[in-house]
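Asker: Residues per chain are reported as follows:
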Amino acid sequence: MSEDVWADSDTTPDAIEAALRGLLRERHAADVAIAPARVLNLIVIVDRSWKGEIANRLERVGRYHASRTILCAVEEGRDTLDAVAVMSYAESPGSELTVAHERVEIDIGPEHLARLDTIVDPVLVSDLQTMLWVPHGHHGVADILMPMLDVILLDSEDEEELGAGLERAAGCVPTVYVVDLAWLRTTPWRERLAASFDPPDRRVALEELEAITIRHKPSSRASAALLVGWLASRLRWNGERPKIELTAVEQDAPGLAGVTVSWCDGCSLSLDRDRGGLRARELGPGGEERVWKVLGASRGEGGILGEGVRQALLRDPTYGPALDAAREFCA
Amino acid sequence: MSTTVEDLHLTDENPLVEGLERLPVRPTVLVIFGATGDLAHRKLLPALYNLAHEGALPERFELVGIARRGQSDDDFRQDARESIERFSRRKPDPDVLSGLLGDARYISGTFDDDNAYGQLDRTLHELDEKAGHRLNRVFYMSTAPEFFPVIVAKLGGAGLDECQDAATRVVIEKPFGYDLDSARRLNAEVLDVFDESQVFRIDHYLGKETVQNLMALRFSNALFEPVWNRNFVDYVQITAAEDLGIEGRAGYYDHAGALRDLVQNHMLQLLSLLTMEPPSSFDANRVRDEKVKVLEAIVPPEVGGKTVPGYLEEEGIPSDSRTETYAALRLHVSNWRWSGVPFYLRTGKRLTRRVTEIVVTLKPVPHVAFQTHGSIGIQPNQVILTVQPDEGVSVSLGAKIPGPTMRIRPVHMEFHYGTSFVSESPEAYERLILDAMRGDATLFTRNDEIEALWGIVDPILTAWQQDTSSPIPQYPSGSAGPEEAGALLEGSRRWRRL
Chain A
1 MSEDVWADSD TTPDAIEAAL RGLLRERHAA DVAIAPARVL NLIVIVDRSW
51 KGEIANRLER VGRYHASRTI LCAVEEGRDT LDAVAVMSYA ESPGSELTVA
101 HERVEIDIGP EHLARLDTIV DPVLVSDLQT MLWVPHGHHG VADILMPMLD
151 VILLDSEDEE ELGAGLERAA GCVPTVYVVD LAWLRTTPWR ERLAASFDPP
201 DRRVALEELE AITIRHKPSS RASAALLVGW LASRLRWNGE RPKIELTAVE
251 QDAPGLAGVT VSWCDGCSLS LDRDRGGLRA RELGPGGEER VWKVLGASRG
301 EGGILGEGVR QALLRDPTYG PALDAAREFC A
Chain B
332 MSTTVEDLHL TDENPLVEGL ERLPVRPTVL VIFGATGDLA HRKLLPALYN
382 LAHEGALPER FELVGIARRG QSDDDFRQDA RESIERFSRR KPDPDVLSGL
432 LGDARYISGT FDDDNAYGQL DRTLHELDEK AGHRLNRVFY MSTAPEFFPV
482 IVAKLGGAGL DECQDAATRV VIEKPFGYDL DSARRLNAEV LDVFDESQVF
532 RIDHYLGKET VQNLMALRFS NALFEPVWNR NFVDYVQITA AEDLGIEGRA
582 GYYDHAGALR DLVQNHMLQL LSLLTMEPPS SFDANRVRDE KVKVLEAIVP
632 PEVGGKTVPG YLEEEGIPSD SRTETYAALR LHVSNWRWSG VPFYLRTGKR
682 LTRRVTEIVV TLKPVPHVAF QTHGSIGIQP NQVILTVQPD EGVSVSLGAK
732 IPGPTMRIRP VHMEFHYGTS FVSESPEAYE RLILDAMRGD ATLFTRNDEI
782 EALWGIVDPI LTAWQQDTSS PIPQYPSGSA GPEEAGALLE GSRRWRRL
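Protein sequence lines correspond, in order, to chains A and B.
Mapping of the first sequence onto our numbering: position 106 corresponds to residue 106, and the numbering continues sequentially without gaps.
Mapping of the second sequence onto our numbering: position 378 corresponds to residue 709, and the numbering continues sequentially without gaps.
No lab work stands behind these hints: they were computed from the structure.
Glycine included, each C-beta is placed from N, C-alpha and C at the ideal position.
Be a bit skeptical, because a hint or two may be false.
Here are a few chain B residues that face chain A, going by a calculated C-beta distance under 10 Å [said to hold, decoys possible]: (1) Asn345; (2) Pro389; (3) Pro720; (4) Thr750.
Derived DEER-like restraints, expressed as beta-carbon distance ranges [claimed, not checked]: (5) Thr118(A) <-> Gly433(B): 53 to 61 Å; (6) Glu3(A) <-> Asp779(B): 49 to 57 Å; (7) Thr118(A) <-> Gly671(B): 56 to 64 Å.
Examples of chain B residues lying across from chain A (beta carbon under 8 Å, computed) [as the list claims (entries may be wrong)]: (8) Arg353; (9) Leu388; (10) Ile715; (11) Leu819.
With the rest of the complex left out, here is chain A (with noise of 0.2 Å):
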């Protein structure tokens, strides 16, 4: 990849929005094959100290990258505004179209947030989505920014307490779209269950389920109840459910370990967590097992970032419903 790079001290949002539009004339100029990418604006909030890491992760995005990345770095002590402006492209040897990414990096202080709209606003590429992710505090800041927001991105892992991240959550869901990374690490594990009870005569072992055992890393607890929460709400339990068991395992990854399903007659599915897939195990009726591998490579924390990305322009309509129910399970 090749970069444009602007740089200013003590600048204004007009003086960073108007750099923008010149390296993009500039590159355009040279290369007429150049089109910047007009998808989704990604708002950033971060603490200095954790610029680096963060601006890792999102390199880290793969094909799934924001149009516009705009970093703000909040600093103690820092009154002024210290921007870079970085426009990435690959070249293009012949006359395909080459697209482009802006990222724009911000150094704010504290004093700043009270007005982060007045120097975000002017830096947004105009009708696309924006999406807000802040993800190491700094939370009223998108009470702030909700005028300007379609889509928040959080993590109700980040939160300590199971309840908290899922009631902050909650708390957004009225007002923008929520792209929850708890709830896309359940996504394989979701769509293994609906495979796994998609043929009918299965099928009707939904209505049968004796308990559920879900397996996740200590600090995925969110996780785990988001995956009950989406069989309440999917399956419509109305009080009486099965009996459901959350299990702490040690593991690297962020996210679910496994899960095990039992119905009728000692039948059960367990799914855990393999080297290119998942394990499955079948025990049936008499107590005959089967096993096999289900295909799927890891995504990595990078790969679940990246999905983030992707689904601000998609709309889940399962989320809220599992996130109440999730709620309600937890209370």
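With the hints as your guide, set chain B onto chain A.
Answerer: This is chain B only, laid out in the frame that chain A set:
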């Protein structure tokens, strides 16, 4: 303990699929006939790997290859592994790759060998046993077309055309037939064994995101529909130009020619998607009903066909070959919507550049109130749909040239898919293999559709076959095609510059 579940109608629908992007696919065994061939190694196996990587394959998936070459299961797995490593659009994860190929089976035999089908039957039962239930069966014919009827008949003879408690489907590669008669014969032979609902005639072009976007553009935007008819459209040009030659495919290409290679399938598919009426739903048969209606309304065209200097010098081409490497057609769709609107199609090898596009030219405005001297003047609006290489939509508009007088020139309003979506398009074969395993035939060609497609080009093929003496117009390699192609366009119309 039983759960309390309200009105789930579990036998009708799966309540867990709502909101999932990846819909469940029933446990399946995929049998590839011609598993050692080029298509299998360059396209099918890499597509299967990418589906496995994304977790999109069925929870239980088995792979069986059949081909003439004598080799072991392990040889097949090793060859498949090497092909996937070489041709996959992403670097394979070794664990996923091993999981995909670890128990892949290979059956050696000719396609007319009863023993091979007996062995296939035993293998399928063995895989069912392993799974503990019947697996759906998809037979993928990635062979030379002359083997399609042979394989179909043998599958029927071996009782493999249906399976209790599981679906059986057959995917047939293109070309489906060599002309209208052979397509009809092949349809009859296939439908003698399989029900139409089991048959998936593949044209990978329909699996391209760009082609599906044509339907999205037409049927999700109110902007275009009011002008998408004979009242506003003056004419349409569809171009599928290639800058390359036949790239070592002499055996196939000299037998096929431009008309069979691109017009009969890809270009007419584009034409049908461009001109069909809106389907009442995106259901496979509703979409294909509309495509067939419009294809049947196309009047067989006037004849035209050209060859390229240099073609005869390509390796493997007979010196007396009359195979066309360029074809240009003028078609008319005889229905209420399109009556009187000419559709110009052209395709060729070794042209100026590679581009596939559709250009819809609207009629001129009825009265020009502005001065035109000193400017290009007011040009008819054009909607340009680029399928490849840079997929997008461009609309030409008249705009005032800055200055004291009211002079107008065309400008373009551009939209590039590449700048507007964060996701990368999957390979067409990934989508189509998954659709075939799910039983969704929307992007496959139905029996009456394939015959309607052949019915359009058949008169040209017949005319060319009968005329073996007329001189064939020539065009230099790297040009826009033969000058004679311009004669198809009436009045002041011109082919759009490549």
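Asker: Could one say that the CB atoms of threonine 118(A) and glycine 433(B) fall in the range 53 to 61 Å?
Answerer: Between threonine 118(A) and glycine 433(B), where Cβ atoms are some 59 Å apart, the hint holds.
Asker: Minimum Cβ distance from leucine 388(B) to chain A below 8 Å?
Answerer: With Cβ-Cβ at 6 Å, under 8 Å, it holds.
Asker: For the hint on isoleucine 715(B), does the least C-beta distance to chain A fall short of 8 Å?
Answerer: At 14 Å from the nearest chain A Cβ, isoleucine 715(B) fails the 8 Å test, so the hint is violated.
Asker: Go through the hint on arginine 353(B) and say holds or violated, using the shortest Cβ distance to chain A against 8 Å.
Answerer: Constraint on arginine 353(B) satisfied, holds at 5 Å.
Asker: Looking only at beta-carbon atoms, does the pair threonine 118(A), glycine 671(B) fall within the given range of 56 to 64 Å?
Answerer: holds (58 Å)
Asker: Under 10 Å is the threshold here; is the Cβ of proline 389(B) close enough to any Cβ of chain A for the hint to stand?
Answerer: holds (7 Å)
Asker: Take the shortest C-beta to C-beta distance between proline 720(B) and chain A; is it under 10 Å?
Answerer: holds (6 Å)
Asker: Less than 10 Å between beta-carbons is the criterion; does asparagine 345(B) satisfy it with respect to chain A?
Answerer: For asparagine 345(B), the interface hint holds, since the closest Cβ of chain A sits about 5 Å away, which is under 10 Å.
Asker: Take the shortest C-beta to C-beta distance between leucine 819(B) and chain A; is it under 8 Å?
Answerer: This interface hint is violated because 28 Å lies over the 8 Å limit.
Asker: Just to be careful: measuring from the Cβ of threonine 750(B) to every Cβ in chain A, is the smallest value less than 10 Å?
Answerer: holds (5 Å)
Asker: In this structure, is the beta-carbon distance linking glutamate 3(A) and aspartate 779(B) contained in 49 to 57 Å?
Answerer: holds (55 Å)
When each numbered hint is compared with the structure, violations occur for hints 10 and 11.
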